[in-house]
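2 protein chains.
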Amino acid sequence: MSEPDGRTPGDLTRTGMALKHDREWDYELDRIKEAVEAHDATFVGLQFPEGLKRRSTAVAADLEQLFDDDITIAISGEPCYGACDLDLDLLRRSDVFVHFGHSPMKESDKIVYIPLFSNVEIEPIIESAIEELSGPDVALVTTAQHMNRFEEMVDQLEDAGFRVHTRRGDERLTHTGQVLGCNYESADVPAPEVLYVGGGKFHPLGLAMDHPEKEVIIADPVNNLVEVADPEPFLRQRYATVHAAMDAESWGVILCTKIGQRRWDIANEIVKRNENAHLITLNEITPDRMQHFNVDAFVNTGCPRITTDDGPRFPKPLLTPGEYEIAIGNRDLAELQFDTFHGTW
Amino acid sequence: MSEPDGRTPGDLTRTGMALKHDREWDYELDRIKEAVEAHDATFVGLQFPEGLKRRSTAVAADLEQLFDDDITIAISGEPCYGACDLDLDLLRRSDVFVHFGHSPMKESDKIVYIPLFSNVEIEPIIESAIEELSGPDVALVTTAQHMNRFEEMVDQLEDAGFRVHTRRGDERLTHTGQVLGCNYESADVPAPEVLYVGGGKFHPLGLAMDHPEKEVIIADPVNNLVEVADPEPFLRQRYATVHAAMDAESWGVILCTKIGQRRWDIANEIVKRNENAHLITLNEITPDRMQHFNVDAFVNTGCPRITTDDGPRFPKPLLTPGEYEIAIGNRDLAELQFDTFHGTW
Numbered sequence: 001m002s003e004p005d006g007r008t009p010g011d012l013t014r015t016g017m018a019l020k021h022d023r024e025w026d027y028e029l030d031r032i033k034e035a036v037e038a039h040d041a042t043f044v045g046l047q048f049p050e051g052l053k054r055r056s057t058a059v060a061a062d063l064e065q066l067f068d069d070d071i072t073i074a075i076s077g078e079p080c081y082g083a084c085d086l087d088l089d090l091l092r093r094s095d096v097f098v099h100f101g102h103s104p105m106k107e108s109d110k111i112v113y114i115p116l117f118s119n120v121e122i123e124p125i126i127e128s129a130i131e132e133l134s135g136p137d138v139a140l141v142t143t144a145q146h147m148n149r150f151e152e153m154v155d156q157l158e159d160a161g162f163r164v165h166t167r168r169g170d171e172r173l174t175h176t177g178q179v180l181g182c183n184y185e186s187a188d189v190p191a192p193e194v195l196y197v198g199g200g201k202f203h204p205l206g207l208a209m210d211h212p213e214k215e216v217i218i219a220d221p222v223n224n225l226v227e228v229a230d231p232e233p234f235l236r237q238r239y240a241t242v243h244a245a246m247d248a249e250s251w252g253v254i255l256c257t258k259i260g261q262r263r264w265d266i267a268n269e270i271v272k273r274n275e276n277a278h279l280i281t282l283n284e285i286t287p288d289r290m291q292h293f294n295v296d297a298f299v300n301t302g303c304p305r306i307t308t309d310d311g312p313r314f315p316k317p318l319l320t321p322g323e324y325e326i327a328i329g330n331r332d333l334a335e336l337q338f339d340t341f342h343g344t345w
Numbered sequence: 001m002s003e004p005d006g007r008t009p010g011d012l013t014r015t016g017m018a019l020k021h022d023r024e025w026d027y028e029l030d031r032i033k034e035a036v037e038a039h040d041a042t043f044v045g046l047q048f049p050e051g052l053k054r055r056s057t058a059v060a061a062d063l064e065q066l067f068d069d070d071i072t073i074a075i076s077g078e079p080c081y082g083a084c085d086l087d088l089d090l091l092r093r094s095d096v097f098v099h100f101g102h103s104p105m106k107e108s109d110k111i112v113y114i115p116l117f118s119n120v121e122i123e124p125i126i127e128s129a130i131e132e133l134s135g136p137d138v139a140l141v142t143t144a145q146h147m148n149r150f151e152e153m154v155d156q157l158e159d160a161g162f163r164v165h166t167r168r169g170d171e172r173l174t175h176t177g178q179v180l181g182c183n184y185e186s187a188d189v190p191a192p193e194v195l196y197v198g199g200g201k202f203h204p205l206g207l208a209m210d211h212p213e214k215e216v217i218i219a220d221p222v223n224n225l226v227e228v229a230d231p232e233p234f235l236r237q238r239y240a241t242v243h244a245a246m247d248a249e250s251w252g253v254i255l256c257t258k259i260g261q262r263r264w265d266i267a268n269e270i271v272k273r274n275e276n277a278h279l280i281t282l283n284e285i286t287p288d289r290m291q292h293f294n295v296d297a298f299v300n301t302g303c304p305r306i307t308t309d310d311g312p313r314f315p316k317p318l319l320t321p322g323e324y325e326i327a328i329g330n331r332d333l334a335e336l337q338f339d340t341f342h343g344t345w
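Chains as they are written, first to last, in the numbering used here: chain W, 1 to 345; chain Y, 1 to 345.
Calculated directly from the structure, the hints in this document are not laboratory data.
Among the hints, a few may not be true.
Copies of the same chain are indistinguishable here, so a pair counts whether it falls within one copy or spans any two.
Stated by the list, open to error - The list that follows gives simulated cross-link-like pairs (lysine-lysine, DSS-like), each with its CA atoms no further than 25 Å apart:
1. Lys-201 with Lys-214
2. Lys-110 with Lys-214
3. Lys-272 with Lys-33
4. Lys-272 with Lys-110
5. Lys-33 with Lys-110
6. Lys-201 with Lys-110
7. Lys-106 with Lys-33
8. Lys-214 with Lys-106
9. Lys-214 with Lys-272
Could you put together the complete structure from these sequences and hints?
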């Protein structure tokens, strides 16, 4: 069964990336120039999220105008879906390394983080979302792109009579109220409803999977829509995948080598306890890289969103570590829950 | 226009990988065990070429039987197409790192190269190929998999009355008579015909592109066929691609970060001389990683086989450095030639 756009149900690929509004961003070239001068840098690396790579050569060209000819600028061509996903090879090679669009996870003197706050108005969409909220208690969360408006959001909701609950979450999250694709601790507050303000469904669906006890209302200022997040198709798919893996006799245990996604202890424990489980190290986890391995199923200890969102495209069942424990009979199916990342690395 | 197997003409993808005969390999577990003991290793990394990844977990399981429980074995999930393509992350992490199926390009005390020589008989196919050779002078080349039979091949040809010309090539090549996908120096000998012994068309087509003045006869003992390599479809495609790029105003210059594919000087020279050319660093060069970049064409300073063989699948023209010089008018179209790699890195 396919949806009209060719995606199978539950396939979130690119849902958060295809934006209807083209936004203007502040690349903070002055701050980059300062860092280059402070470090006396001759090699500057730039890393952009997938959705902004099309702007990357223009940003590089603008930067080149600011510098002498003896400065080399290189753009990372590696896929980038978060601050957990630093291009380590380019980072090593660079005197100054600029990471755009994500808030810091690893701090280093030579890394400059440029947040790229959205300039989309959020007041009208929150106004619409308020009609969907029962209140009076509501949790408020958003993404790095809209953090600069977080206080405004709180004020608007309080002015409308809501008790707004916010939380910083653990050290993986830079800001109060921020969510990541793999971490929704900022919604661990005493409110039955969560208002998510931001573009796309990637984050609110993760949020709804991680907090099935809460109702997640999406206020999307980019696509101008208000909607309740429905994690059901995903959850059904997770149950189906776990069931499919219950007969597996051999396992590939994927250890992701991205700096913010290495869960070595979890991967190692699985292979030490199961002689039919083999460790596979990999940077970018894609279906074609898994196709040659002669195992019945995979456990992915890297990004949980690869597992839940891209998993159906893999040639064999792809499970989170928690789902693996269910599949081999160590835990009950009722214990199935969303896989999250805590800490930095 | 598609060929029966769904490939477009000139698309060599996987032609050398899909083997009709299933071969047995000697993984030399004893030699690995010796290295592990000599290094007192607790972490062993294994890297297999794409076509042998399906055997990787079985090899890991066999190795685990030889060791105590305190030794961890990890398999590289990264794509691997040659000795130029070492998994540096896993190499760093490993006390002993085993690379299967390619002859050494980087020597290091902790790297063990296991050649995986083919056990396929070569005498009958050379017998057939001899009928196609004019003689008396013939160059003889083969791949790493068949190097253990090279002397037999020479003897068989000499016994049939040929003057056999062999050469070691430059330091990128380990053995006399060996070819790589990017280096055919071993065919630089005074003979108008080259006999290539080995499976698939990947190597002989590169050879024919690099040596258009010679006739390349393929003796394929794996698929049991003798054929003359025809590089024409490729050459036409290269001309078409260069033409398509002649109007390009902006360029992405890809620097491959694989250890044996970094041609930094070439990439840097291009971006320094062309203000509309921007440096993009990348490990695995694939069409989907290039799709977001807003440039008119790309120059690939990494593996030339990505350019010639996979290039047609890219969203924009993908040129070798030499082709780029033609496209921007620095060289004449008649100077078009196959891009080769020399030295190691």
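> Hints broken by the structure, by number, lowest first?
Replying inline: 2, 6, 8 and 9
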